[in-house]
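Just so you know, the sequences run in chain order A and B. FYI, in numbering that gives the first Met the number 0 the residues of the first sequence are 0 to 95. FYI, in numbering that gives the first Met the number 0 the residues of the second sequence are 0 to 95.
Quick caveat, the hints were computed from the structure, so don't treat them as lab data. Please note that the accuracy of each hint is not assured.
Quick list of in silico lysine-lysine cross-link-like pairs, DSS-like style, CA-CA up to 25 Å [unchecked claim]:
#1 49/B <-> 62/A
#2 24/A <-> 49/B
#3 61/B <-> 24/B
#4 49/B <-> 62/B
The structure displayed is predicted, hence computed values, not measured ones.
2 protein chains.
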Amino acid sequence: MNILIAYDVNTETVEGQKRLRRVAKACTEYCQRVQKSLFECYINAEQFEKLEHLLINIIDNKKDSLRIYLLYGARERFVRVYGIDRYIDFEKPLIL
Amino acid sequence: MNILIAYDVNTETVEGQKRLRRVAKACTEYCQRVQKSLFECYINAEQFEKLEHLLINIIDNKKDSLRIYLLYGARERFVRVYGIDRYIDFEKPLIL
């Protein structure tokens, strides 16, 4: 599964800053950071369920926003990238 | 078409702050802001091409990141939302 995780965490409080770090840390286990608050993940259904559950339990529903997008088809079908691109496509042959 | 526009604009300079405002303004013409730097758009192919062209010409390729995602299927198939949700689904019946 190709998944996109986007979040806006309210960092006006120390707790909010902690939530932001925990959300980012949770995402880095399975996903690649492609923008400040945006991660792309190539994961299986079990990993996705685990990550989703983890993130839901970190955010504050009244202060934060978490949007998870399910992306379908091959990469070139679902994303167009302009400017700086931090994504490494591990499916492509590695040219040494 | 359902489109998601995500951007990270480098605002260290006055020009960068101007680019950020112009990107956001361009998106608001067709799309709904769902997070700080994230817009969801329900648009036709012609509008999409116009908006994409506009955005490509605003950003600085060396400093900014623009990622455009094409979302397929019905909303419940491509997005899961937790916490604050700013999106208004105009396709749903309006309950007065």
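What are the numbers of the hints that this structure violates, sorted from low to high? Of the numbered hints given earlier, those the structure breaks are 1 and 2, listed in rising order.
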